[in-house]
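Residue numbers (the working numbering), protein chains in the order written: chain A, 1 to 299; chain B, 1 to 360.
There could be a bad hint or two in this list.
Examples of chain B residues toward chain A, derived with CB under 10 Å [claimed, not checked]:
#1 F157
#2 E162
#3 F333
#4 L339
Bear in mind the hints are in silico, worked out from the structure with no lab data behind them. Glycine included, each C-beta is placed from N, C-alpha and C at the ideal position.
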Amino acid sequence: MNLSYVWRIFVGSLHAMVPITLAGTGETVGESSGLFNIGLEGIILLSAMTGALGAEAGGAIVGLLVGIGTGFAVGILFGLICTYFRGVQLVAGVGINLFAMGFVSFWLIHLGVPGHHAVAEQARIVDIKTPYGAFSPLLVVAIVLPIVAHHILFRTKLGLKIRAVGENPQAADVAGIKVNLTRLFSTAVGASLTGLAGAYISIDWLGSVTKEISAGRGFIALATVVFSGLNPLLVLLGGFIFGFFDNLAVWVATMPAVQGVVPWQFISMTPYVVTLLIVAGVIGRVRFPAAMGQPYERE
Amino acid sequence: MERGARLLGKTGELKKTIVAGIVGFVAGAIIILVFGYNPLTAYTALFRGAFGSMYGFSESLANAVPLILTGLTFAIGFRGGMFNIGAEGQLYLGALAAVTVSFLRLPPAVSFVISLIFAALAGAVWSLPVAILKATRGVHEVISTIMLNWISRFLAFFLIAEVLVDPLRAEKTVSITEGARFALLVQGTSLSYGLVVSIIVAIIVYILIWRTVIGFNIRALGHNERAAAYAGIVKWKIILFVFISGGVTAGLAGAVHVMGRPPTYAIFSGLPAVNGLGFEGLAVAMIGRNHPIGIIFAALFFGGLLAGGREMQVFAQVPLEMVRVVEGIVVLFLAVPELMRLFAFFKRMGKSRVPAGDSE
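Kindly produce the complete structure, drawing on both the sequences and the hints.
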């Protein structure tokens, strides 16, 4: 095994990391404010679809914007239900996932491509070519964003507000912070980033839409958030670990020494097994906002 | 008095479910319209297909059979304050466990019983890591069940392709031996006596949750964790019980499906007929308000949508998947505890002042 092989695996892992990190960073912002959105999977699926169609209609940038917009719209709906209408967050999240699964399959069949919709080449994001390989511009976003999010959450007044409504909404309310509005804003921002993750998958990384394009990545992003204990910098690390195994699975499956020895199905399992083990390994040490999952109601 | 209040509470639940249902169908109609189909033709075909004939109704019931059981998986957890979405994976393994028994060439009645037991065991075993990780490490069940669903999916792909494969037809597993199949309840349809199993299990779950000490403890934990701890309820025991019994019903769901579904009584590669039965169970449980009786009706309703969806696809050209879109919207709105107040809220926006007298 030579060095360029290792390098290629590394670059592949970075690209597999992007959607997890984007969605995970978004969810970190939302969860810091107290909203736990298990609809990430659905948002990724929906925005992969809308992003792809947007890109084919108006170019890659439009596609990304449409993906973000889709995430934002779903985030606002989820946020409204879970703040002002005091909805049950887990149930609403399941609703989003079911809706997305149905709607994307419906849409693909409507377009006459029930299995697999390949995104037109000219609609895809152009990678940055360097002597060290081709990199997606969104890779830069996925690395910078957690740093920015960390700064905002822990170093600015806005971040303090977000964390306050997640930790102690009563006190935040007394201090004059609009609890529900802050939560709505946070979860909408989070969902928008998840939308970007979805658009990245369809118009950049994989270049196609299928009804299973999200492949559990929304839930893995959730797991990464758990792993990180709501620290965006650790989301970046967690995303990389998952991306590494996700990419490794694809790579190992094509290795002649492995083919025919280990069935591909077992290799495809590894990212999920690793996620489970990592979450199980770290969890006792992380702490979540005290008011997470609870709707806030003035007394 | 108390009974009256409880009854009132239940009609409130029912009303809310109906309102959420209406919202779902209206939103679905809008989507159908936007995509250039005719919602009226679509819904007419949908309901005619589901409930318009004896055949349609039988198919609706047949679809409901596994959904009742996966709905119960979620409901047991929900009553205990847990969000068990692992039915999907447990159902795959339950179905495959039932198929495995057909390799043993046992006498018919024995094979039938052992298939059911194996399926229930497979579901229970697959839910163990979830319970153990939650009880010992505090891992949230949403994450562990979803990861296990994906793992079991690939495990199922492997078992179907490499272990349980039909030597004559590589795209499917061997069929359940004739002696281990459920007899048909209505000839010429897919409805088998599996329905009886689902209903019996629903009754057992009802008794378990509302008429036994362990059921009381489960509900106490779901209602108020701290009070349950003071009452001396041992949390890890409840967690273990909830996930194992959920696994049993999900495993059985897989068994009644594969043992009672003509014509092949087998599982195909890619899991086409089993795919989603666990996730739909979630929606069934929520629409049935996590009550066994409600779940039976909600499963029939869902089963009907699936059966009628085929008719809708043929007569209105609306893809079958529309059914899931409606389901998703219904669940989304069911999340709102006081759905009726949502409408009051919109009314209020038009008026200047709210009349006092909110019940809470």
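Evaluated hints:
no.	hint	in the structure
1	F157	5 Å, holds
2	E162	6 Å, holds
3	F333	7 Å, holds
4	L339	8 Å, holds
Hint compliance for this structure: no hint is broken.
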